[in-house]
Every structure is written in C-alpha cells, then in structure tokens.
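Peer 1: Below are the chains, spelled out letter by letter.
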Amino acid sequence: MNEELTRRTVLAVLAGGAVFLVKKANGQIVWQVDAARCINSRLGEVGVEACNLCTTECVVALSAVRAVNEYSKCGRCNICPAYFNITSAVNELGQPSEKLCPRDAIARKPIGKVDPEDPANNFYEYIIDEEKCDGCGKCVMKCKEPLGLGSITLRIRYDKCVNCNRCSISRACPQNALLQLPIGQVIRPAEVQRPGA
Amino acid sequence: MEYRHVQTIWGKGALRGIAVDGHGQLYAAGDSEINAIGPNRRWPTSRPAHSVAVAGDGTVYAGEIGQIEIFDGAGKLLHTWRDAKLLGRVTAIGFTRDSVLAGDAADRAIRRFDAAGKFLNNIGKDNSTNGLLIPNGVVDFAVDAHGIVHAANPGKHRVERYTPGGELLGHIGRFDGVDPAGFTGCCNPTNVAVREVLYTTEKAGPRVKAYDFSGKLLAVIATDLFDANCKNMSIAVDSRGRVYVVDTVKAAILVFEPVKS
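Protein chains in written order, with this note's numbering: chain A, 87 to 283; chain B, 17 to 277.
Because the hints were derived from the structure by calculation, they are not lab data.
These figures come from a predicted structure and were not determined experimentally.
Treat the hints with care, since some could be wrong.
[Claimed, not checked] So the derived label-pair ranges between C-beta atoms look like this:
| id | chain 1 | residue 1 | chain 2 | residue 2 | range |
| --- | --- | --- | --- | --- | --- |
| 1 | B | 195 | A | 258 | 26 to 32 angstroms |
| 2 | B | 236 | A | 131 | 52 to 58 angstroms |
| 3 | A | 194 | B | 49 | 40 to 46 angstroms |
| 4 | B | 198 | A | 132 | 17 to 23 angstroms |
| 5 | A | 201 | B | 64 | 46 to 52 angstroms |
[As the list claims (entries may be wrong)] So the derived list for chain B, only partly shown, Cβ under 7 angstroms to chain A, looks like this:
| id | residue |
| --- | --- |
| 6 | 141 |
| 7 | 144 |
| 8 | 171 |
| 9 | 197 |
| 10 | 202 |
| 11 | 241 |
| 12 | 245 |
| 13 | 258 |
[Said to hold, decoys possible] Here are the simulated DSS-like pairs of lysine-lysine, each with C-alpha atoms no more than 25 angstroms apart in a straight line:
| id | chain 1 | residue 1 | chain 2 | residue 2 |
| --- | --- | --- | --- | --- |
| 14 | A | 199 | B | 101 |
| 15 | B | 101 | B | 141 |
| 16 | B | 232 | A | 195 |
| 17 | A | 199 | B | 92 |
| 18 | A | 185 | A | 218 |
| 19 | A | 159 | B | 101 |
| 20 | A | 195 | A | 218 |
The C-beta atom is built at its ideal place from N, Cα and C for all residues, glycine as well.
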C-alpha cells in the first residue's frame with residue numbers, strides 16, 4: 087500500500103514536472119520578480135542601499151530586468167525621490183540639482199494645466215526609458231513607502247529574458263525574490279497593514 | 017527653543033488622529049472609536065475614525081468616510097453630517113469663530129460649513145492642481161487664534177495660509193533634502209498644529225519641527241524617537257505648549273514639552 091502510494095506520488099511529481107517543462111518550453115512559465123521579497127521594493131526596509139544584483143548577475147548584456155512605473159499608483163510629485171537625488175544641492179528652481187538614475191533613464195514632464203511660474207504648482211509624469219534602464223533598483227528603493235508611494239517595481243521583460251533553467255539572478259538573490267510563474271501572473275508588492283495605514 | 021520627550025502613551029490598533037481640548041484633555045481617533053485619554057472614556061464611531069477635534073463648547077467631532085459624527089463630551093451622539101461628495105474621507109477637522117472646517121482627503125480640499133452643517137466654501141481647491149497635493153493621502157490643517165487656516169501642502173513642501181473664505185494669503189516652507197529648515201522627500205510636511213508657533217510633522221524620516229509664522233525654523237523637536245516607517249503623524253499642542261505626536265507604526269503618542277531656559 088505504502089509502496090503504491092509512493093509510486094503514485096513519484097508519477098504525479100514527474101507528470102507535474104513534465105507539464106511545467108512543456109509550459110516553460112512554450113514560454114508560458116517565466117521568471118518573475120516577487121516585489122514583496124525584493125529588498126528594493128519590500129516594505130519596511132528603510133535606510134538600506136539598493137541591491138543591484140539584477141543588473142550585475144543577468145546573463146543578458148543589458149539585464150532583462152527593468153524598473154516599471156505603475157502610473158495609477160504614482161503621486162506625480164514635483165520632487166520625486168526616484169528621479170532626483172534629494173540630498174543634492176537645491177538649485178534656483180528649488181529642486182535638487184542632481185538626478186538619481188546613473189543612466190538618466192527617467193524622463194520628467196509636467197502634465198495637466200501647467201503653471202510655468204511655479205514648478206511646485208504642477209503634476210509631473212515620470213517615464214522610464216527601457217532602452218536605458220538596466221534594473222539597478224535605485225529608483226525602486228527611493229520610490230517605496232514611506233518615502234514614495236511604491237509605484238516603481240522591478241519586472242523581468244519576457245522579450246529580453248532568455249528564460250534560463252537556473253536563472254543566474256535567482257541563484258544570486260539573497261531574498262529568493264525570483265520565481266518561475268505562469269505568464270501574466272504579475273506579482274505586486276504586498277500591502278502591509280500597519281496601525282494608522 | 018528646545019523640547020524634551022516627557023512621556024509615551026501606548027495604544028493599539030490604528031491610531032489616526034489626535035486633538036487636545038481647551039482644558040488639556042487629549043483625544044485620540046482610530047479603529048472605530050474615540051478615546052478620551054486619561055479618564056479612559058471611549059465610545060464607538062459608526063465608521064472608522066480618521067480624525068478628531070473638540071469645539072469650544074466641548075462637543076467632539078469625529079471625521080470618517082462620508083460623514084462627521086458629533087458627540088457630547090460623554091460620547092452621546094448628537095448629530096451626523098453625511099455627504100459622500102463633500103466629506104469623502106475626513107482626515108482633519110477644525111473650527112473658526114463661526115464655522116466648522118473639514119479636510120476631505122478624497123477631494124484634496126478643506127470644506128467650510130456653518131455651525132449647522134450647511135456648506136459655505138472650499139479652501140485650497142481653486143488652483144491649477146485642483147486641490148492640495150497630498151500623495152500621502154491626508155489633508156491636514158490647523159486654525160490659529162486669528163482664524164487663519166494653516167494647511168499642509170506636502171507636494172509643494174509648504175504650509176499655506178488661507179482665510180476661512182478660501183483666499184490664499186501666503187505660505188512658508190521649501191524643499192531641502194539636507195537643511196532641516198526645509199522639508200525633504202516627495203511630500204512633506206504631512207501634518208500641522210498651531211498655537212503661538214507652527215508645528216509640523218514629516219515622514220521618511222519622521223521629524224517634528226517648530227516654525228514661527230514667517231517660516232523661520234525654531235526647533236527640531238524630535239527625529240529618531242519614531243519608527244522609521246511612520247507617516248501621516250497627527251500632531252496636537254495644548255495651551256501649555258506641550259506637543260503630542262502620533263507614532264503610526266507603534267500606535268503610540270509621544271509627548272514633548274518645551275525646556276524652560
């Protein structure tokens with residue numbers, strides 16, 4: 087009886103594995119970043135340096151990982167800590183004088199009814215240029231709460247990822263934040279319930 | 017001007033707003049109740065309480081989603097003002113001589129009502145951004161002894177001064193990521209209180225400061241006593257100058273008092 091069960095279990099696991107491999111071969115199973123595990127987007131982690139292993143460990147020349155701004159969550163702030171280096175000197179416009187992104191991959195433009203006299207009087211759209219972004223995570227770290235609103239997260243672009251069996255980023259990631267999941271099953275940062283939230 | 021931390025009042029659950037009445041009695045709003053701290057009088061609100069304020073006659077106003085509930089000092093419900101449009105999410109309440117002000121975070125504006133609850137006008141709405149810039153999701157303001165409304169406009173890194181009729185008189189504040197006289201991050205200050213001076217709280221990192229009305233920094237009251245993940249830290253001040261600040265993560269109220277020189 088036990089032997090029968092064991093055999094069934096083994097067969098079931100093998101069948102599951104075979105289905106997984108077929109789905110993976112067909113591009114239906116892909117590597118994804120779990121934003122609730124990634125230290126750059128995980129809530130509660132403040133005052134730590136951004137992790138850039140997605141940039142340095144990917145086998146693709148310009149990493150397959152990109153920072154993605156979810157516009158519905160973005161505050162469209164005048165001073166965006168993901169765009170500006172907010173500890174740099176303040177310029178004559180009352181803004182930080184330096185940008186945060188080392189590859190200048192984020193563009194900023196005023197939207198809506200624009201007040202040209204007072205930059206603080208406008209909303210701004212922040213657009214990430216995916217041809218420049220290498221997924222270093224600096225903007226993600228600065229965007230997350232409580233400093234920002236957490237609208238920017240790291241995502242793996244399926245068209246750039248070569249879908250390695252053992253993703254080198256996943257092997258290096260100390261948070262085990264890379265998972266193989268069905269395509270379309272986007273992982274979003276967990277909503278942390280805090281008193282007063 | 018210096019302050020020292022003199023007390024921590026521990027609570028539990030969601031602590032969203034605090035207020036001090038004319039006698040120094042501290043009230044807290046959170047979960048679905050109002051708590052008069054000290055006498056330990058507490059009573060339920062019909063919806064989660066986002067703010068609390070006490071009028072000169074001792075009636076207690078609780079700001080909620082879609083409504084304001086008005087209680088007597090013992091917690092008996094006297095009136096409910098309901099308006100889904102004008103009272104979308106009431107995160108602050110204040111009073112002028114003849115009107116009641118409510119911060120509606122859902123529409124990024126301050127509403128002014130007469131004493132009977134009749135809408136009079138908006139404050140902070142008539143501008144190119146169609147309201148206060150509050151990425152953090154809270155409208156907060158305080159009314160000084162002259163009836164001037166001091167409203168936090170965190171997206172602009174300013175505290176703006178308005179007449180009760182809604183006229184913008186001016187502002188203090190500027191962005192600065194290093195100089196403590198400025199407000200840092202995307203959007204600060206998030207909360208304000210006022211007596212003879214103006215008090216502010218900031219998030220990321222949490223900080224409490226005092227300014228004079230010209231915008232001169234008088235004191236950094238506290239920085240490192242709060243959980244680093246705090247935001248929207250409600251603040252109140254009593255007639256003796258004691259400053260009460262909510263730690264939203266620890267569900268605590270930290271009390272500071274000025275050091276006499």
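Peer 1: So which of those numbered hints doesn't the model satisfy?
Peer 2: 1, 2, 5, 6, 9, 11, 13, 16 and 17
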